[in-house]
Structure formats: structure tokens, C-alpha cells
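Let chain C serve as the given structure and place chain P on it in line with the hints.
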Amino acid sequence: MTRFIAWTVFLFGCLFFVLPLLGLTEFSLSMRREGYTFDAYRVVLADPQFRATFLYSVMAAVMTIIMGVLIVVPTAYWVRLKMPWLRPVVEFITLLPLVIPAIVIVFGYIRLYNTSSVLPLMGSTAGTTVLLICGFTVLALPYMYRAVDTGMRTIDIKTLTEAAQSLGAGWFTILFRIILPNVLVAVLSGSFLTFAIVIGEFVFPALLNLPAFGPYMQIVGANKAYEPMALAVIAFTITWACMGLIQLVTRFQKHTQVKR
Amino acid sequence: MAFLELAGLKKSFGDLQVVNDFSLNVDQGEFISFLGPSGCGKTTVLRMVAGFEEPSAGSIKVGGTEVTGLKPNERDMGMVFQAYALFPNMTVAQNIGFGLKVRGTPKADIKPRVVEMLKIIQLEQLGDRYPYQLSGGQQQRVALARALAPSPKLLLLDEPLSALDAKVRVSLRDEIRSIQKRLGITTIFVTHDQEEALSISDRIVVMHGGVAQQVATPFEIYNRPSTKFVANFVGTLNVLEGTVVDSALGKVRVNNDEISLKQSLNGAKNGDAVSLALRPEAMALGDYKGHDSELHGKIADVSFLGSVIRVRVNLGKETIALDTFNNSRTPPPNVGDNAKVTFTSNDLLVLQ
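Residue numbers (our numbering), protein chains in the order written: chain C, 1 to 260; chain P, 1 to 352.
Bound conformation, chain C alone:
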């Protein structure tokens, strides 16, 4: 009986998640009356706006990942090594982006960095893009920090650091040749999550008036029928590909394999 209930709940869950996706995909393939077609995808992929906004978002995602890694890895390492008592505070700070809405951060940026401020970053597209990347980094902070911190928990940071120091290594060598390679899987997990978040993010680029993929999806969705569905399927595919890559990287990371 318990088994039956468990299976029922599982099937219900599957239907709950899969049915809308199936409906979405089916609708995205129904552009022609005579049957299923990839026309919606063809239209979307041929749209120069799609390519421009998608490339812009990919660039922003890559920059966000680099910035996130450069901030989070040394921070998580230092907190674990030298200031473990500060961990709850750092964890709390990294959780703030989940509590504070993105719109609050954007308006904060606009007030602080507008053209009449001391640092008028919003006076140019490049400056605004820098703000966008900073905003994305803040948004991705909870995911990146948690992933990296979990990765660091699996290795003996203190002893590895001391072993490297006794062999003559400085902090830079320790961080980038010992610590980072050993938490690479965790860093990649955080990176893929960041990528997935940044690609679909709407609030930041929309309010900063930047040509990103999120606002493009909104514009297409407001004016067309089948193309937004194709875009949604593409966005889902990208996210799932990221998740799949996390699994793959974890599986093929040789030195993290457990001895059998």
C-alpha cells in the first residue's frame, strides 16, 4: 500500500512538471496547421536580435562567472582557513540576494552610479554593462558561494595549505594550483548555475536598458504566439544542458574518485 502511494505521488509529481513542458513544446511545434514544424525555431534562430541578445547574455554570464570565482573562491578559502568564526556572517551576507529583490539593487545602482554621480558608470554602455555584471554577480552569490564552500568542505584545506607552504609555495600558488583545482567541480557547478540564472535574467538588463536575452524573450512573448514558446524550450534546454554538464564534470573528475 505504501509502495502504491509512493508511486502515485511520484507519478503525480512527474505529470505536474512534465505536462506543461510537453504542452509548451507541442505548441512551439504547431506553427503550421498541416502538422508539426520547426518553423518557430527557425524564425527565432534567424532573428539577428536573438543572436545579438543571446551573445550579449553569454558574454555577461562568462564575465559574471569570472568575477564570482575571483571573489568567492579566495573568500571561502580564507574564511575556512583563518576565520571560521566568521562563516555564519559570510553565509548570511551571501544569502541576502535571495531576500532583497533585484529591483532594489538596480535602483540602488541607478542612484549611486547615474550620470550626475561621482562615479557615472551609467553614462556609457560599457559602464552600464559593468554594473550589470556586478548585479549578476550579486544575484549568483548564494549559489556560487554554497557550491564552492561545499567543495572546500570535502578537502583538508588547512593541512594542504600547510603542506604547500612547507614546500615553499606562496598564497597565489596555493590558491590557484592547489585549492582551485581541488574544488574545480564545485566551482563548475556554481558556474553552470550562474550561467543558467544570467541567461534568463530580466530585471537587471531591462531596468538598465541593456540588450540582453531576458528582455528579448519578454518582447517576443508580448508580440508573437509560437516564437516565445520556442524560446522557452531553448532556454530550458540551455539550463538542462548546464545541469547535465555539472553531472558529467563530477563523474569525470579523476582525482575526486573514491578508492574502492
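It should be emphasised that the hints constitute simulated quantities derived from the structure, not laboratory data. Warning: the hint list may mix true and false statements.
[Stated by the list, open to error] Derived lysine-lysine pairs resembling DSSO-like cross-links, with alpha carbons at most 27 angstroms apart:
id, chain 1, residue 1, chain 2, residue 2
1, P, Lys101, C, Lys158
2, P, Lys153, P, Lys119
3, P, Lys61, C, Lys158
4, C, Lys82, P, Lys10
Okay, now just chain P, sitting in the frame of chain C:
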């Protein structure tokens, strides 16, 4: 001049004084063990030498040069940790070559040195393996090779055998000593295992409460412990509480027996209490050639340990343990039998 000079080292964490006025001179090529129970400060002293802990006071000199203020990566010391601490992302060969690489050694020189170290630790075939593919003993040998590869001035071993099983521990212990002798490298070995320290060291520093209780050769530490703590900590020891009967003649009463001591009573007067110590192997049951002193009691317990039989004899207030060799023609005594324990009074130690 000593190669390593530790002078007046002190270390406290908050209000807790962990190391108190620790001084030691170590000669070049010497193998010194820090022996003591957990929390005695032995690892803290080692970590101060390595540069991982900053002394609250005192100085550390290596080869006449002050290193107290130097960072760990500037001290040119190799260290082996209890937890192996091999870099998981590197192969065995890369681990061994790491120290040379960060020191800027040319690639052409690194390879032969790595091969040489692999040969020394007898793992020539495993250079391409990752640490997770090795056993604990193999990993620790790689850690030793990694520490030795850059030819450091000093080798520091922080309980390197504690995580290994008994058999591997003994073989690796001998291997460490033989490599150390061959390379002539000055070594400090931290352990809480007295057998390890006794078997491997040129000298032993027995530590307790952040203080060096005795610094001496293994033979002296075992046979002539200078304090009650050393006597109790190193080997099994029977401590007998006695009363001085005649200080001039060195006569001491232990329960109902009187013993004549040849050694000094450390200034004790008639009627004073003294603590005497005697190793189990220094005693025999019944008369024995050369034994000039005796104590009387009853057999309390007999433990068969294979080649040795440990007999516990109740002397009244105290129970002492003595070891006799197993002899197939002489059965062990029975519990409750009267026993005469004999020994040479020279073997008695008067504890401070």
C-alpha cells in the same frame, strides 16, 4: 654550535600556556623525537619550528640563522603530516616535484630528482598514480619523498605513522630511520607512541605540560628516567612508596620489607616518604643470580602474553607487575600463592 637552537620558546593561546620556556639544541644529522601525551605541547613546538605558529616568546635558529620571524615558505623545512596531505589533483611524481617546481628548479633537474626520490621510497612504478590510488603507507612514503625532494635543512614529522595500521607502522618507521640516516638530514619526529620514539631516535624529548621533562638517549630515558612522569610514561613501571629508615645507609622500608639502596636518596631524611621505581623485567620470582633485594607478597594475577608471562604480586598496599620469560617446563604460578620477588637494588630508581 648546534644546528637547530630553540631558546626559551613560549606559546599561549589566550590564557592557556601550551609551551613554557622550551629550550633545545639539536646537532646536524640528529634524529630527535618529541614524546608525550596529547596536549603536552609537542606538536605546538614543532609547528613553531615550521613557522605555522608564532612563538609568544623565544627564538629559533637554524644553522646559526634566526628564523623566528620567517614565514613557513621561507624556512626551507620539509614537513610530513599525520593526514598525508598529498595534493589530490596531482600524480605521485607531480606531488614529489612540487617543492622543486615552486622553488624554480629547471624542469631538466626536477625529473631525475623525482625518479631518485621514487627509488628511495621504492615506488618507482607508481609515479603516474593519483593519491587516491595508493594505500595509506604508500601515501605517507610519497609525502616523505615530497618533503625530502627539495633537500630541506630540516625534516619535521608530525605523527606521520599514527594513521597507519600496526604492521605498516613498524616497517615505515624503520624505513624513515634508514632514509634519514642515509641522507643525514636533521629530523624532528613528534609521536605519542613510546615504542616508536625509543626505536627510532638518537635522543628523545619527553614533554609534559608544555615543559621538556627530560632530554636524553632512548637508553637513558628508559633506564634512568629523571622524573616520576617520565618513569610512568615511558614503558611499564612499578612505583613503590617507601619510608626512609636510615638515610645514611640508604635503607628504605616498603610495606614489611627493608631494602638497601646504593643510590642517593635525593636528600631525604629518616622518616621521609620516597618514591621508588622498578621495571617489570628487572624482577624475578624467587631467588635469582645477582639479585640482592627482595619483597614478599601474594600472586594476584597471571597473564600469559606468549613469550612473556606477566605476574602481578600484591605486596599489601601496592600491587607490582613483573615479567618472566615463558618456559614450557615451568608452569606459571597460581593466583594466591606466596611470592618472593627479587631484584638488584641498583635497578631501583629514586624518583624526584
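Does the alpha-carbon distance linking Lys101 (chain P) and Lys158 (chain C) stay inside the 27 angstroms limit?
Distance ~21 angstroms between Lys101 (chain P) and Lys158 (chain C) Cα, so the pair holds.
Between Lys82 (chain C) and Lys10 (chain P), does the CA-CA distance stay at or below 27 angstroms?
Status holds; Cα separation ~22 angstroms.
Next pair to validate is Lys61 (chain P) with Lys158 (chain C); report whether the Cα-Cα distance is within 27 angstroms.
Judged against 27 angstroms, a Cα distance of about 26 angstroms means the pair holds.
Is Lys153 (chain P) close enough to Lys119 (chain P), meaning Cα to Cα at most 27 angstroms?
Judged against 27 angstroms, a Cα distance of about 21 angstroms means the pair holds.
Of the numbered hints listed earlier, not one is contradicted by the structure.
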